[in-house]
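Peer 1: Residues per chain are reported as follows:
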Amino acid sequence: MSENPNNYYIKPELMACCGAREIRDHDVVIVGTGFPAMSANIAKHTHSPNAILMQESGVVDARPMRPALSVGDPCLNPGSAMAGCLIDVMGMFLQAGWVDVGFLSGSQVDKFGNINTTCIGDYHHPKSRLPGSGGANPIGTLAKKTLIIALHDHRRLAEKVDFITTPGYIDGPGARDGWGFPPNTGPECIITNKAVLRFDKSTGQAYLASYHPGSTVEEILSLTPWHLKVADDVFETLPPTPEELRVIREVLDPHRMIRIYEGRGYV
Amino acid sequence: MSENPNNYYIKPELMACCGAREIRDHDVVIVGTGFPAMSANIAKHTHSPNAILMQESGVVDARPMRPALSVGDPCLNPGSAMAGCLIDVMGMFLQAGWVDVGFLSGSQVDKFGNINTTCIGDYHHPKSRLPGSGGANPIGTLAKKTLIIALHDHRRLAEKVDFITTPGYIDGPGARDGWGFPPNTGPECIITNKAVLRFDKSTGQAYLASYHPGSTVEEILSLTPWHLKVADDVFETLPPTPEELRVIREVLDPHRMIRIYEGRGYV
Amino acid sequence: MTKVMTTREAVSKFVADGDMVYIGGYICRPPFAAVHEIIRQRKKDLTVVRSNAADDFDMMIGAGVVSRFIGTFLSLGVYGLGRCYRRSMEKGVPHKIDIEEYTNLSLPLMLMAGSLGMSFVPVNDMKGSDLLNVSSFMGDGKYKIIDSPFDGRPTVLVPALRPDVAIIHVQQADETGNAQIWGIGGDCKAGANAAKKVIVSCERIVDRDVIGKDPSRTIVPSFKVAAVVEEPFGAHPGYTPGFYDVDFSLGFLYQQASNTVEGFEAFLEEWVYGVADRGAYIAHYIDRFGYAAYQKLMAAFDYSYPVSYAY
Amino acid sequence: MTKVMTTREAVSKFVADGDMVYIGGYICRPPFAAVHEIIRQRKKDLTVVRSNAADDFDMMIGAGVVSRFIGTFLSLGVYGLGRCYRRSMEKGVPHKIDIEEYTNLSLPLMLMAGSLGMSFVPVNDMKGSDLLNVSSFMGDGKYKIIDSPFDGRPTVLVPALRPDVAIIHVQQADETGNAQIWGIGGDCKAGANAAKKVIVSCERIVDRDVIGKDPSRTIVPSFKVAAVVEEPFGAHPGYTPGFYDVDFSLGFLYQQASNTVEGFEAFLEEWVYGVADRGAYIAHYIDRFGYAAYQKLMAAFDYSYPVSYAY
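Protein chains in written order, with our numbering: chain A, 1 to 267; chain B, 1 to 267; chain C, 1 to 311; chain D, 1 to 311.
Warning: the hint list may mix true and false statements.
Calculated lysine to aspartate or glutamate pairs in the DMTMM-like style (CA-CA distance at most 25 Å, straight line) [as the list claims (entries may be wrong)]:
{"hint": "1", "chain 1": "D", "residue 1": "Lys142", "chain 2": "C", "residue 2": "Asp147"}
{"hint": "2", "chain 1": "C", "residue 1": "Lys142", "chain 2": "D", "residue 2": "Asp147"}
{"hint": "3", "chain 1": "D", "residue 1": "Lys3", "chain 2": "A", "residue 2": "Asp25"}
{"hint": "4", "chain 1": "A", "residue 1": "Lys160", "chain 2": "C", "residue 2": "Glu100"}
{"hint": "5", "chain 1": "D", "residue 1": "Lys213", "chain 2": "C", "residue 2": "Asp302"}
{"hint": "6", "chain 1": "C", "residue 1": "Lys96", "chain 2": "A", "residue 2": "Asp232"}
{"hint": "7", "chain 1": "C", "residue 1": "Lys296", "chain 2": "A", "residue 2": "Asp253"}
{"hint": "8", "chain 1": "C", "residue 1": "Lys144", "chain 2": "D", "residue 2": "Asp151"}
{"hint": "9", "chain 1": "A", "residue 1": "Lys144", "chain 2": "D", "residue 2": "Glu262"}
{"hint": "10", "chain 1": "D", "residue 1": "Lys144", "chain 2": "B", "residue 2": "Asp177"}
{"hint": "11", "chain 1": "B", "residue 1": "Lys160", "chain 2": "D", "residue 2": "Glu100"}
{"hint": "12", "chain 1": "D", "residue 1": "Lys196", "chain 2": "D", "residue 2": "Glu230"}
{"hint": "13", "chain 1": "C", "residue 1": "Lys142", "chain 2": "D", "residue 2": "Asp151"}
{"hint": "14", "chain 1": "B", "residue 1": "Lys127", "chain 2": "D", "residue 2": "Glu9"}
{"hint": "15", "chain 1": "C", "residue 1": "Lys213", "chain 2": "D", "residue 2": "Asp245"}
{"hint": "16", "chain 1": "B", "residue 1": "Lys127", "chain 2": "D", "residue 2": "Glu265"}
{"hint": "17", "chain 1": "D", "residue 1": "Lys13", "chain 2": "A", "residue 2": "Asp25"}
{"hint": "18", "chain 1": "A", "residue 1": "Lys127", "chain 2": "C", "residue 2": "Glu100"}
{"hint": "19", "chain 1": "C", "residue 1": "Lys144", "chain 2": "A", "residue 2": "Asp171"}
{"hint": "20", "chain 1": "C", "residue 1": "Lys3", "chain 2": "B", "residue 2": "Asp25"}
{"hint": "21", "chain 1": "C", "residue 1": "Lys197", "chain 2": "B", "residue 2": "Asp100"}
{"hint": "22", "chain 1": "B", "residue 1": "Lys145", "chain 2": "B", "residue 2": "Asp232"}
{"hint": "23", "chain 1": "C", "residue 1": "Lys197", "chain 2": "C", "residue 2": "Asp207"}
Calculated directly from the structure, the hints in this document are not laboratory data.
Given these sequences and hints, build the entire structure.
Peer 2: Listed below in structure tokens is the structure:
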């Protein structure tokens with residue numbers, strides 16, 4: 001277990017960096033707000049300067065002067081390459097197959113990478129009514145890679161979600177093909193506050209790929225409500241590099257708004 | 001037979017006025033160029049100041065400083081209320097049911113108001129290849145009223161067109177309904193250089209409604225290749241009013257470009 | 001022919017109880033003045049529709065004017081879940097609304113289909129999800145699955161939507177209704193043009209000649225428009241590009257208030273029922289928070305380059 | 001990452017023999033420099049597609065580079081029927097092209113469907129006409145009729161088009177390809193975005209910051225663009241709003257020349273094969289007609305009002 005002396009980074013920063021590392025140069029990325037936007041922007045400011053970021057509201061390659069707080073945030077308008085409409089981004093870019101990476105967070109995520117943002121409990125008599133799909137369902141269906149952000153506990157991770165808002169591998173291998181989804185799409189990883197889970201394409205199930213500094217394989221297994229397989233080459237997640245941290249703190253988020261995620265349990 | 005002393009108007013002017021008189025105030029009108037544009041503009045400058053004219057290329061309520069020579073003419077851009085795209089006009093306005101009047105001209109028009117702008121002779125081995133549908137087919141299908149401009153002779157009028165590019169009443173009453181066309185649409189009249197033909201909705205066939213000054217019922221029957229019925233109340237077409245002529249000559253077409261239609265046989 | 005009137009007149013004349021109402025804007029350009037007026041006039045039994053919904057929809061649900069919602073998402077953004085929406089769905093307060101759920105791909109395309117006169121449209125999402133397993137007032141008309149006659153693949157078709165009335169807020173319009181926007185579009189053009197009539201709320205009414213100087217900005221032409229309302233600051237606490245910023249503090253106030261039914265009612269009393277119109281609302285805002293707070297929302301100047309359409 | 005290159009390079013690298021090519025613009029903004037270059041490079045066996053086609057398509061047909069045309073209409077406007085088109089269809093000179101005919105409603109929607117990733121789209125036209133009775137290389141894939149699963153009514157479905165490459169001419173673009181237009185749109189946005197890659201020809205290459213000053217004008221984003229060519233006067237004898245007028249005199253010259261095969265060949269020799277590129281073309285134009293004739297085409301100044309996206 002490696003050190004994080006003097007807490008030189010916080011967990012949300014590490015998680016954002018994990019997301020950033022999934023992005024390749026020239027990728028077209030649909031981002032929302034919070035972690036996803038932070039991740040994509042870290043990538044753009046480090047190893048993927050030619051990545052194109054877009055928001056589902058219609059904005060492409062925005063140049064916000066502060067972190068956007070919604071996909072319709074005013075700071076996304078001035079300086080963007082295109083201020084179009086929902087149909088441009090969700091139809092013309094996403095459905096037409098141009099989006100490489102989508103970022104989603106889920107109130108509930110299961111072992112097949114299915115995401116629930118609709119309701120906890122029965123749909124018709126919900127214990128808790130959540131926002132709904134928004135852009136999540138088409139992003140999870142149509143982006144080449146989907147990255148999922150979630151809290152690592154028995155409530156947020158589930159053997160089976162209460163409601164599949166956004167399909168991952170649904171009920172296992174072949175399910176996406178059966179529905180005629182675009183080939184070679186689907187969840188790439190689940191980035192939690194404890195670990196990075198990746199997917200075994202032969203089973204459609206998540207496995208432990210790396211544990212964050214400060215976590216252990218045993219802790220992660222105990223926090224996961226299904227029998228989580230562990231990669232033979234499981235390793236410790238690389239902490240944020242000095243360059244990544246510099247970009248986060250000096251360029252993207254000087255007011256360190258990312259700290260609000262600590263209050264939401266991302267520790 | 002009334003007088004046209006000193007040829008104070010020419011036949012294309014009369015025909016344009018006939019078209020103008022079919023337009024009511026507040027009508028939404030798809031116009032092309034030439035006669036249709038002239039007709040619609042005469043209406044707008046006389047009895048229908050609130051008519052909205054549009055071109056299929058995407059322009060709404062243009063304020064051209066000279067007669068437009070194509071639906072993409074530069075003079076349609078500055079001052080228009082909307083410079084959109086084909087899909088805006090043909091889909092959002094026409095297919096969605098907002099267009100009251102469409103103007104079409106045809107190389108061949110038959111007694112059911114079907115129009116041919118595709119080919120003379122066999123489609124696969126045409127004697128003469130014509131431009132094709134363009135916007136004509138959807139206009140004839142979807143506009144509430146279609147006005148047709150044609151030369152009155154045995155070549156341009158036909159018992160049956162060689163190719164139905166744009167459906168009128170197809171093969172008679174009920175045919176449009178059978179295809180699920182919007183109700184109460186279809187050709188309203190055929191304005192020729194000799195007469196105005198209107199349609200008997202019970203048969204879907206054109207009949208003689210009025211003959212232009214200088215023509216006679218007998219002449220028109222002899223120039224029509226099918227057995228043309230004559231209205232009981234057939235009358236002489238009202239010549240251009242002084243106000244209509246003033247608008248044509250002083251406002252819309254000071255260079256009298258409309259005279260080129262005389263050269264094309266509109267006499 | 002002018003269609004200029006007040007928001008009160010426009011909502012009174014053109015929004016009827018039981019209507020299906022499209023309301024444009026998400027954070028960007030929500031027609032909040034009209035939303036307040038709908039609540040103030042205690043409209044009933046509305047079906048509301050938009051992709052992505054925020055505090056405006058939450059407030060209408062809490063105020064009881066909504067019976068049905070065709071949507072994709074409802075939250076208060078940074079302030080989390082919509083409190084009135086949750087109370088309606090979880091506890092039936094003030095009543096449970098019926099909800100038909102789509103996505104930010106399918107719903108905009110359903111509006112687009114309505115705007116283009118198509119009766120349905122194929123979409124590639126929702127498959128394999130529980131969105132295909134639930135439906136409400138649209139019943140089995142929510143979607144259909146066919147084998148594509150071109151390639152035989154299973155294809156989801158969703159129906160076109162034709163709202164009775166659309167309400168949008170735009171930067172500028174002329175008095176006949178030619179409406180122009182710039183900045184984030186959302187599903188505004190599709191939604192407005194899908195409707196049988198449109199209420200255009202705008203920051204400023206401009207001369208027809210101003211529209212004609214830049215006609216490519218027009219998203220709705222006059223002949224679709226029933227009413228034009230000049231309503232400066234009409235999207236507040238949302239924003240309008242080039243005019244004013246989003247007001248996070250009022251958003252927070254709303255979230256705090258709407259945590260309870262009592263708080264929500266008090267909020268409505270203060271900001272909706274207790275003010276006669278948008279003018280009184282702004283006056284109250286300045287009265288309560290000071291002119292500096294109001295002024296702080298005003299947009300910076302950063303103008304685009306002019307272009308020419310001349311030939 | 002710059003994608004700026006010459007028209008010669010762009011056409012050479014990104015237009016292959018046998019490609020399906022979407023070419024934007026009708027009188028307004030036709031990418032004539034690229035059309036000439038395609039002819040100059042003697043491309044073969046192209047399938048060309050656009051709603052409404054004019055002298056640019058006629059010339060390509062006459063030059064023999066086209067094998068198939070998916071279209072709706074082809075004429076020389078005020079100058080009547082397309083001479084090369086007629087010779088091809090009536091006499092097989094230089095060869096008979098195969099043509100698949102739609103309308104100005106259905107074809108733009110097929111491109112839109114391609115741009116939106118839909119596999120087909122329902123349309124309400126063509127019914128009852130002979131357009132449903134003829135087809136060519138698309139065979140029975142030209143259209144399908146189904147009974148709508150929503151209301152049972154017969155509905156025509158037409159397939160989405162995904163051209164291999166789109167070529168458009170726009171007012172301005174940055175060096176990565178973000179492309180902006182104003183004025184008559186035709187089917188340019190749908191056609192460009194339907195294609196697998198886009199060649200953007202523009203009047204002027206501008207800084208990315210200029211794009212960002214007015215991002216609602218963008219119709220194609222950089223990541224779809226393979227090449228950016230700065231080609232002032234690139235649409236001549238068509239026009240570009242804000243830059244230059246349509247050139248009726250060259251249009252007339254083309255019509256007169258194309259009345260005969262010999263005249264057409266001489267026209268190509270003079271204006272296409274005989275000039276190396278657009279620069280040489282313009283120089284030849286000035287040489288032949290005088291600088292005053294060239295200058296007369298230049299657009300008047302009549303600028304729009306700037307707008308702000310600031311908050």
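Peer 1: Each hint needs a verdict: does it hold in this structure or not?
Peer 2: Evaluated hints:
Between Lys142(D) and Asp147(C) the alpha-carbon distance is near 17 Å, which keeps this suggested pair within the 25 Å criterion. This hinted pair checks out: Lys142(C) and Asp147(D) have alpha carbons roughly 17 Å apart, not beyond 25 Å. With a C-alpha separation of about 16 Å, the suggested pair Lys3(D) and Asp25(A) falls inside the 25 Å cut-off, and the hint holds. For the given pair, Lys160(A) sits about 23 Å from Glu100(C) by alpha-carbon distance, which is consistent with the 25 Å threshold.
Distance restraint check for Lys213(D) and Asp302(C): the Cα-Cα separation of roughly 8 Å lies within the 25 Å cut-off, and the hinted pair is therefore satisfied. At most 25 Å may separate the alpha-carbon atoms for a hinted pair to count; Lys96(C) and Asp232(A) exceed this at roughly 51 Å. A hinted pair counts as satisfied when its Cα atoms are at most 25 Å apart, and Lys296(C) with Asp253(A) qualifies at roughly 22 Å. Between the alpha carbons of Lys144(C) and Asp151(D) the distance comes to roughly 11 Å, so the proposed pair stays at or under 25 Å and holds.
Among the hinted pairs, Lys144(A) with Glu262(D) is inconsistent with the structure: their alpha-carbon atoms are about 54 Å apart, more than 25 Å. Proximity of Lys144(D) to Asp177(B) is assessed by CA-CA distance (about 19 Å); at most 25 Å being required, the pair is judged to hold. Distance restraint check for Lys160(B) and Glu100(D): the Cα-Cα separation of roughly 23 Å lies within the 25 Å cut-off, and the hinted pair is therefore satisfied. Among the hinted pairs, Lys196(D) with Glu230(D) is consistent with the structure: their alpha-carbon atoms are about 21 Å apart, no more than 25 Å.
The suggested pairing of Lys142(C) with Asp151(D) holds, with an alpha-carbon distance near 13 Å, which does not exceed 25 Å. Distance check on the hinted pair: Lys127(B) and Glu9(D) sit about 41 Å apart at the alpha-carbon level, beyond 25 Å; violated. Note on Lys213(C) and Asp245(D): the hinted pairing holds, with a Cα-Cα distance of about 17 Å set against a maximum of 25 Å. About 24 Å separates the Cα atoms of Lys127(B) and Glu265(D), which keeps this hinted pair within 25 Å; it holds.
Proposed proximity of Lys13(D) and Asp25(A) is supported: the alpha carbons are some 23 Å apart, at most 25 Å. Annotation: proposed proximity of Lys127(A) to Glu100(C) holds, straight-line Cα distance about 19 Å (limit 25 Å). About 22 Å separates the Cα atoms of Lys144(C) and Asp171(A), which keeps this hinted pair within 25 Å; it holds. About 16 Å separates the Cα atoms of Lys3(C) and Asp25(B), which keeps this hinted pair within 25 Å; it holds.
Among the hinted pairs, Lys197(C) with Asp100(B) is consistent with the structure: their alpha-carbon atoms are about 16 Å apart, no more than 25 Å. Our distance criterion of 25 Å between C-alpha atoms is met by Lys145(B) and Asp232(B), whose separation comes to about 23 Å. With a CA separation close to 22 Å, the supplied pair Lys197(C) and Asp207(C) stays within the 25 Å bound.
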